[in-house]
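Engineer: Each protein sequence line maps, in turn, to chains Z and F.
At position 20 of the first sequence the residue is numbered 20 (our numbering), and the sequence of numbers has no breaks.
At position 81 of the second sequence the residue is numbered 81 (our numbering), and the sequence of numbers has no breaks.
Hints were generated in silico from the structure; no laboratory data involved.
Hints may contain errors.
Repeated chains share a single entry, so a pair holds when one copy, or any two copies, can fit it.
Said to hold, decoys possible - DMTMM-like cross-link-like pairs, simulated, lysine to aspartate or glutamate; straight-line CA separation at most 20 Å:
| # | residue 1 | residue 2 |
| --- | --- | --- |
| 1 | K40 | E67 |
| 2 | K180 | E16 |
| 3 | K103 | E192 |
| 4 | K103 | E155 |
| 5 | K111 | D24 |
| 6 | K63 | E138 |
| 7 | K61 | E192 |
| 8 | K94 | E192 |
Small disclaimer: the values here were computed from a predicted structure and weren't measured.
There are 2 protein chains.
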Amino acid sequence: MEKTTVSKATLGRLPEYLRVLREDLTEEDGPHISATAIAKKLNLGEVQVRKDLAAVSGAGKPKLGYEARELTEEIERFLGYDRLTPAVLVGAGKLGRALLQYKEFERYGVKIAAAFDLNEQTIVIGDKTEVLPMSLFESFCRNGHIRLGIITVGEGSAQTVCDRMVECGIEAIWNFAPCKLNVPSGILLQNENLALSLAHLNNQLRNRN
Amino acid sequence: MEKTTVSKATLGRLPEYLRVLREDLTEEDGPHISATAIAKKLNLGEVQVRKDLAAVSGAGKPKLGYEARELTEEIERFLGYDRLTPAVLVGAGKLGRALLQYKEFERYGVKIAAAFDLNEQTIVIGDKTEVLPMSLFESFCRNGHIRLGIITVGEGSAQTVCDRMVECGIEAIWNFAPCKLNVPSGILLQNENLALSLAHLNNQLRNRN
Chain Z
1 MEKTTVSKAT LGRLPEYLRV LREDLTEEDG PHISATAIAK KLNLGEVQVR
51 KDLAAVSGAG KPKLGYEARE LTEEIERFLG YDRLTPAVLV GAGKLGRALL
101 QYKEFERYGV KIAAAFDLNE QTIVIGDKTE VLPMSLFESF CRNGHIRLGI
151 ITVGEGSAQT VCDRMVECGI EAIWNFAPCK LNVPSGILLQ NENLALSLAH
201 LNNQLRNRN
Chain F
1 MEKTTVSKAT LGRLPEYLRV LREDLTEEDG PHISATAIAK KLNLGEVQVR
51 KDLAAVSGAG KPKLGYEARE LTEEIERFLG YDRLTPAVLV GAGKLGRALL
101 QYKEFERYGV KIAAAFDLNE QTIVIGDKTE VLPMSLFESF CRNGHIRLGI
151 ITVGEGSAQT VCDRMVECGI EAIWNFAPCK LNVPSGILLQ NENLALSLAH
201 LNNQLRNRN
């Protein structure tokens, strides 16, 4: 069941199901849990929960529901907890550093394995996070079989960084630089335009006046 | 024409049109510019450009297109350049500080007027950005008629901050804390889950194996 692409909405609910399975179950609940019970605990629609779980696990047993431990493992596997995808981040400015310390990524199956900066010195942030110089970038990515890259450099260097990522085998790029990047076909590119999100909210707000 | 809610995609292209109007026009282009010419310069579909511009400006003149200066002003007005929406940000950790220095917001009509932190001391970041203590929050928002709030505090304090925002008249909230917030009906709430964006990309990547 692992090779399913689920919607972003489903993906967003999976960690919530995990939390219920790990934290909210008491002795009384027994070894099984039904979609109905999960829906109730999270204040979600039953049909939705059933659909989400079917995508990662299959149907529960009639009258019994899901075996809680099994379901937990299935969701964990789906989210990649058993094998976090290692990613590299390039650009250790404020945003880059914020992402480096963002705890949530691992809950969704990604671990930032290393951070790089165009500045050619090793920088130590806080206690231990190290930012490496770009001269080590290619060898790190190739040796680690890194497939996922995060770009948090400025507009001016983003394309160069992107090209270097593609060059050394990275297949999926998450871009925060406010510009368009050219990638060869076959490379997954996801642009994160924070200003646009805010503009959208502002636009709705202004239309209320 | 100002009270139109346009799609996020259209909103994202408007600053690009502005750039063309401001920077790419030469003497030879004359005082008018056609949707066709703009589309060509940006490598976009003509129909799309025509539709986008119609939403903010109306149709161009047959054979002539748009009066460039007028169109510039219309897009600027639409994006709110003539009256930036003032916003407040609460939570001056790494992410909050990254957003404070993010230049792109003003290009989309929003200006962070002040930043606050639960830490009750005034902090000065860099040269001049000041982070104020929460004790000044209510009076600042009320006096400034602030309607837009950005939450970059942790999960534990997000609901409290959200309640205080609503209490003092904020109508639209952009939430970065990884948790669900309860807001009264009528309040616009937009959750920004960065981990989910990354998870979505990772999910696509893993399905290729």
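Engineer: Hints first: check each against the structure and report whether it holds.
Structural biologist: Okay, the hints, checked on the actual structure:
1. K40 - E67: within (17 Å within a copy, 58 Å between copies)
2. K180 - E16: Between copies, since 11 Å is at most 20 Å while 34 Å is not.
3. K103 - E192: both (19 Å within a copy, 15 Å between copies)
4. K103 - E155: So K103 and E155 pass the 20 Å test across copies only (11 Å; inside, 26 Å).
5. K111 - D24: For K111 and D24, neither the intra-copy (26 Å) nor the inter-copy (42 Å) Cα distance is at most 20 Å.
6. K63 - E138: neither (54 Å within a copy, 53 Å between copies)
7. K61 - E192: Neither way: K61 and E192 sit 41 Å apart in one copy and 36 Å across, limit 20 Å.
8. K94 - E192: both (16 Å within a copy, 18 Å between copies)
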